[in-house]
Amino acid sequence: MIERWLTAVVALGHGTGPAELWGASLVGAVAYAVRSARRAGLDPRRAYWGAIIALAFGLVGGRLLGLVVYGVGQPLSWREIVVGGQSWYGGLLAGTLAALAYFRLCGAPVLRFADAMAPAGALGYALGRLGCFLNGDDYGVLTHGDFAVRYPADTEAFVAQGDRGLIAPLQALSLPVLPIQLLHAALGLALFFLLRRPAAAPGQRLGLFVLGYGVGRFLLEFGRGDFSATVGRLSLHQAISLVLIAVGLYVCGSRVRVSRTRRFVERSVEPFSTEGQMNQLMEIWSDSDAHQAGALLAGSPCGDER
Amino acid sequence: MSRMKRGYVAALACGALTVGYRVVAALPNDNYVLCYSPAFAGWRNFLEPCIDGVIEGANASNCPNDNEGNPTAGKPEEGWAPSFRYVFNRGVVDSNNQPVNDVVLLALAQGDANAGTLHLDLGVQVKNDKTFDNEDLVVFVFQFNNNRFGAITINPISRNGGAVLPPQSTLVGYYTASTVGADGRPVWGGKISAPNFITYAATSSGDTACLNGTLGNCNWNVEVRVNLDPNSTNSGSSNMPLPIRTYFAVSRVYHIGNSISDNATEEFAWPPTNPNSVEQLLYDNVTNAPPPEDWGPAVVNTTAGCKGIFFGPQDIIVPALQVNVQSQLQVNVHSSAIDGATGNPMSVDVQAQFLHAPFGSAAFGTFQQAGLPSSVTTVPGGSAGTPVTTFFTPSQASPHECILVTLSSTTAGATFINSGEFVNTAIAANPVGTIQPRISMVGVPPRADGSPTQRVVVGTQSRMQYAYADGGLAEIPAATLTAQLNWIFHVDRDTGRKITIVGTTMPVLDPLPSYGTTFQHPLTADFQTAFEQRHQQVFEPLCRRYEVAAATTTTCITELKARMQKDPMVARTVNAVLANDGERPDLRDFGAEVKGLNPVPNTAGALYTADIPNGGQLVVSTSANYQLGGKCLGCFCWFQSNATALIVTVLLLAVIGLIVYWRRR
Chain A
1 MIERWLTAVV
11 ALGHGTGPAE
21 LWGASLVGAV
31 AYAVRSARRA
41 GLDPRRAYWG
51 AIIALAFGLV
61 GGRLLGLVVY
71 GVGQPLSWRE
81 IVVGGQSWYG
91 GLLAGTLAAL
101 AYFRLCGAPV
111 LRFADAMAPA
121 GALGYALGRL
131 GCFLNGDDYG
141 VLTHGDFAVR
151 YPADTEAFVA
161 QGDRGLIAPL
171 QALSLPVLPI
181 QLLHAALGLA
191 LFFLLRRPAA
201 APGQRLGLFV
211 LGYGVGRFLL
221 EFGRGDFSAT
231 VGRLSLHQAI
241 SLVLIAVGLY
251 VCGSRVRVSR
261 TRRFVERSVE
271 PFSTEGQMNQ
281 LMEIWSDSDA
291 HQAGALLAGS
301 PCGDER
Chain B
1 MSRMKRGYVA
11 ALACGALTVG
21 YRVVAALPND
31 NYVLCYSPAF
41 AGWRNFLEPC
51 IDGVIEGANA
61 SNCPNDNEGN
71 PTAGKPEEGW
81 APSFRYVFNR
91 GVVDSNNQPV
101 NDVVLLALAQ
111 GDANAGTLHL
121 DLGVQVKNDK
131 TFDNEDLVVF
141 VFQFNNNRFG
151 AITINPISRN
161 GGAVLPPQST
171 LVGYYTASTV
181 GADGRPVWGG
191 KISAPNFITY
201 AATSSGDTAC
211 LNGTLGNCNW
221 NVEVRVNLDP
231 NSTNSGSSNM
241 PLPIRTYFAV
251 SRVYHIGNSI
261 SDNATEEFAW
271 PPTNPNSVEQ
281 LLYDNVTNAP
291 PPEDWGPAVV
301 NTTAGCKGIF
311 FGPQDIIVPA
321 LQVNVQSQLQ
331 VNVHSSAIDG
341 ATGNPMSVDV
351 QAQFLHAPFG
361 SAAFGTFQQA
371 GLPSSVTTVP
381 GGSAGTPVTT
391 FFTPSQASPH
401 ECILVTLSST
411 TAGATFINSG
421 EFVNTAIAAN
431 PVGTIQPRIS
441 MVGVPPRADG
451 SPTQRVVVGT
461 QSRMQYAYAD
471 GGLAEIPAAT
481 LTAQLNWIFH
491 VDRDTGRKIT
501 IVGTTMPVLD
511 PLPSYGTTFQ
521 HPLTADFQTA
531 FEQRHQQVFE
541 PLCRRYEVAA
551 ATTTTCITEL
561 KARMQKDPMV
571 ARTVNAVLAN
581 DGERPDLRDF
591 GAEVKGLNPV
601 PNTAGALYTA
611 DIPNGGQLVV
621 STSANYQLGG
631 KCLGCFCWFQ
641 SNATALIVTV
651 LLLAVIGLIV
661 YWRRR
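Chains as they are written, first to last, in the working numbering: chain A, 1 to 306; chain B, 1 to 665.
For reference, chain B alone in the conformation it holds in the complex:
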């Protein structure tokens, strides 16, 4: 089936579903959860979304460092990469296999409630509009408790000029409500102009037809920041309280006649299955907002209860990359996505964009595209890990990379609990493995004290286990038992600021992305056989799990290993069990070395520091080696430390004997 045919069928299916939604009886919308996803620690060093109205495209002049990226490279804005994402799409892709979206809703929670800095970042991408109109509208409606409500309306576009620049406060309205009417809807008060807790900006792009009244290809974006205060009175002057339910709508206005004032609007509302369809239409006020029971629950700063597509660092599979050798990058995409109307599992077409940066602790600004975007892959609802892949040929000296993955979708109603994640782990197969991670200060804000250098603190964490190779390394056949060392480095940056807690003043550290590596060394066949015999009780449950029909434990293990050779996931599952096994590689068999970092005294080497110039980077050559039966314990371990000394000793003893006999004569 051609791409066009696929898009057509998808559009038909989407339309049929949409019609179906309209006739479904009224349902509560708890199946839709708007996740103001937290920016997890690894992302904290990445800049927050810059409220400049640019979500994709060239950097805006007032935010030179927000890395909004190059649209031709498919690079999203740094701050939005980890966000909740909801896609209004009609199930089609363009000739470049890129999704043709109508509206994309982005949401993110940032800051610390305890510090009074918690805020919501909301992004709206409106695409494929036909005209710019004064009536184009974005509405966010919030419920704070049973009888407290707030709403934000923004009209960001001028008919003759696209986005209004600079943003004008008169285009932003805030409404409050403290009572509920007989129809269950909030009784809204008057418009409060430009509350201080709202920051917004908008941009637009399009051809001349967008401005002259004919139909063109028009796009516009809105970014909003809303400062929160859990104890707020919702007066319109103090910060906004934390929402418990949310309603969102975009009116995409265009001309349906010859007159520029002959307008109509397309409505994109979230939750999208509001049964009171007529009441979804919102123009320049909020009085027609549906009753709160039709809004979706809002989850702030957590992903608990969220439904949608998600993945984590562990789902990004990166082989041992080699320079100028094509490798397959893979992300296993999970899904708890459901059809909001029925609550049934929902399939989502997903496309992954892979980015890479030098291995180590890198800021977002150093990432570049890694290979072409993946092909569109259908992730079934309830999927425990659907692989989405692309090919990448590293060209730089360091074969280990930090890989960032962002997801997008062509499926209408696709919800992403998180749409971006990165992994920093490299795998080395050799007995002596060396990695060259870089701790980069590119794009990192300078210290508060104006120092020309940045001080980083590196904490280490390691774990050893026996593990089966999953076939990802050419040097080690799948199902080969290996001694495995996982070594993780957590990097913090000294901000130069200090904080006093309970009378103690201490520096404030900013977590940078961590990096890690896994060393694997294949073990001898004898050891492997003995290990498996000692662990029969460990393997038997795994055989039952994989329904291995085996008469004996030996055949069970043999069959299980045969499956490992075919399916890497089997090997990983077995390794997850072995991770908790009491028998682990002997610490004496591993040796390690870290160069470029200074051990912090009296921390037993658990912490290191380094000073790096602003904007510079530090290569931390890190190596580990493995030798089975490495160091012997106790005195007189001759062969381990110096066999030559043993030989010399024997010779000297013989010389003493000769002297004794010689002197006797």
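This is chain A alone, in the form it adopts within the complex:
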């Protein structure tokens, strides 16, 4: 029954649904990033441009990794470079690094902005993966279970099965595959709700996002129908996930130390009584170089927001 429903949903939404969901993921992520920044007492304009820069670089990075993952045709055309498919990891890494670099160059509190925007990234990821589900890319392994979906002929899932000789070309539907994209979306939603909780220390949300996504992505890769062992027995995405997990553990570990320091300071230093003042102190401690650099960047892209 579930397979029939999911297949019907794909059949209905396969045409224009993916692009609409991808658009919704970008708009939703930017809107939530601005809202989250405003609520955290951060400059929403800076958050907006940080999000826009993250999107721009994310799309470029996603496409570059997409060229690696999906391959290129012969001959390679500019059109193919520009309009081809994206790889989430490429977008995530490039977008995050670009946004962090922007905030750092602007002298903004990098980790606080990162914390504010982390849930937005998770929300965008969840919505985007729903688009992938309708589009039939990043599909799951073959399954005999009822939690399955069958894709029409012009989808990546269908093409891959045809290439492997599992089905004859020009059939109506693919064989049933695990709707792994929905599990990805569930991961994004779980991270979104998890990251909405206040951070105990600046950068904690970012660390949790990186760690949680790395762990979830590493596990979900085993359910991917296009799993390809390229780094030993691991896929490229799993290898990147391991790096992310390490980074996430480091960031979370360092934030725990900061959090303990914060609690110590709270108990010891009375004048810093408000949360905003405390956060500023923590930011200075954890991000002092950025602050000093930002102060030196007169005439930077940040303009009067410097």
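Think of the hints as simulated: they come from the structure by calculation, not from any bench. Each residue gets a CB set at the ideal place from its N, CA and C atoms; glycine is no exception. Misleading hints may appear alongside valid ones.
If you want a taste of the chain B side facing chain A, the calculated C-beta under 8 Å gives, among others [unchecked claim]:
#, residue
1, Gly591
2, Ala592
3, Pro599
4, Ala645
5, Leu646
6, Val648
7, Thr649
8, Leu652
9, Leu653
10, Ile656
11, Gly657
12, Val660
13, Tyr661
With chain A held as given, fit chain B onto it using these hints.
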């Protein structure tokens, strides 16, 4: 040279050859192989020959559905269309350019040996007899192994009434032999009347002179069915064993004097080069049959080792037909025919009859004549494909047709391994090609359970490759590289019967004719150039094969394409090589749709079903489209799925920016 002159010269040449045969020293007759051709899968749904004595002409009343056709349309009986055919002819044609044959021998194997249903169908057309005579005789002699023989004799004609109707068992004899005499001939036993494993019927037609003793224009036909049993004891009561050699003879008796009893006979024997010519004469017994070493090998249910004219579906060239536009239909006729006496290659004059039916899966009853019969074309012995053509102007709405071709010959001794074949493929040149095949239940027997509808199961098969246009399509110049999709549909009919095999009961499906289509889409010049550069190693052997004198690979390809523009066969040869090439059109670039059929669950669309009323037909609108660089893979393929969404997204992001700045102020 006028037609009459050609016939005269041919008759002279034939006579000279015949004289030559008589003086040739005794030769084994292994050059003559009587092929009881199998009825291949595509023909299985066509009815078997109805044993009613009618091979051409109006349907007999007891076989209303056997589609013996309209002789004015040149339509053969459905069941005999795919058969082995041997023509006794004196090399002449009539004023309508139709062959004037003496005797035509037809042979076909049907049924399944494992199921105990294997049987031979034998047909004899005797033409241009001068009188009807009680002595007119057909003889079939078989060898089963070294010392086992059987013979069938039939006297089907009454002097005063033509064919004896209804068939009388007393006119059929069966003989057995289990020993060989000192002269090498079988020692025949007595006549066994009307064995149960033989079914026969005869018909005749002619003017009154055939009956009153003067000389007329008389024709008669005999159809025989012989049930086989490989393990038979050849007793005359059980089925006949499988033959390994065959001898066949017809005595065509007529009056050479004023008395009706003043008879003589013409003898038509197969193999025709029996050196013991006197011993070919057979009247009402088989004792004068030549020794078995003079008989021809018999091949049952296969064509292996057969010699003669043959062709297959791939040899039927059908352009993209357009309504009310004249198109050329072509069949490439192959020949392994040899002169039985010398074993040398033998030229055969061939005429093709083209028939058409609505594109799809049609029974034989829906075929009609397509254009006039072709002109007589000489097919040299050893020919790898001599084109025989006619012109056809479709007049119905569907421009795609199922084309059936049957061959006949004016050449004496012409042997056809198979004389009929059909093809169901249409070619569409457009990026979006739509065909309207029909699955027809006209002439198909009803289900065993008496259901008012027929259930068909349609399996699909497809293949993509890069291929050069051969010039058959007006829309695509020859030698243009195309992305080609070949899409074939195999149609089975549920008979309503069930069979249990190893404890599993399953429905029995009857294969109907398949149909298919080929979509071609021309590619850009840039792609074509790049493709050819990537495939230099593929083209170089082809240049050597066609002896293209080229200094470089580029000139080789250029010259090869120039030849493709002149000769479609060159393009087809290149395409056959490209069919095995690893680079093929991207599956993402093709889209397809099938309407009217229901996908079978859990078969990934490989199977479809449909219910069609008895005698009805179903139009299955089938379309395919092509777009180079069609679908991109991965997420965020904006431009492929919905560029509007991208624009809206950008606008919404801009709106968010405006709101951010507006609220700040």
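> Hint check: is the beta carbon of Thr649/B less than 8 Å from a beta carbon of chain A?
Replying inline: holds, 3 Å
>> Given a cut of 8 Å on the nearest C-beta pair, is the interface hint for Ala592/B held or broken against chain A?
In response: With Cβ-Cβ at 4 Å, under 8 Å, it holds.
>> Would the hint on Leu652/B be counted as holding, given a Cβ-Cβ threshold of 8 Å to chain A?
In response: holds, 5 Å
>> Quick check on Leu646/B please, does its C-beta sit within 8 Å of some C-beta on chain A?
In response: At 7 Å from the nearest chain A Cβ, Leu646/B passes the 8 Å test, so the hint holds.
> Does Pro599/B meet its interface restraint, that is, does its C-beta lie within less than 8 Å of any C-beta in chain A?
Replying inline: Result: holds, 5 Å to nearest chain A Cβ.
> Does Ala645/B meet its interface restraint, that is, does its C-beta lie within less than 8 Å of any C-beta in chain A?
Replying inline: Holds - the Cβ of Ala645/B comes within 8 Å of chain A, reaching about 4 Å at its closest.
> Does Gly657/B pass the interface hint, meaning its C-beta sits closer than 8 Å to a C-beta of chain A?
Replying inline: holds, 6 Å
> Minimum Cβ distance from Leu653/B to chain A below 8 Å?
Replying inline: holds, 6 Å
>> Under 8 Å is the threshold here; is the Cβ of Ile656/B close enough to any Cβ of chain A for the hint to stand?
In response: This interface hint holds because 6 Å falls under the 8 Å limit.
> Going by Cβ atoms only, is Tyr661/B closer than 8 Å to chain A?
Replying inline: Where the cut-off is 8 Å and the nearest Cβ of chain A is about 7 Å from Tyr661/B, the hint holds.
> Does Val648/B meet its interface restraint, that is, does its C-beta lie within less than 8 Å of any C-beta in chain A?
Replying inline: holds, 6 Å
> Would the stated hint for Gly591/B survive a check requiring a Cβ distance to chain A of less than 8 Å?
Replying inline: holds, 6 Å
The structure fails none of the hints (numbered hints given earlier).
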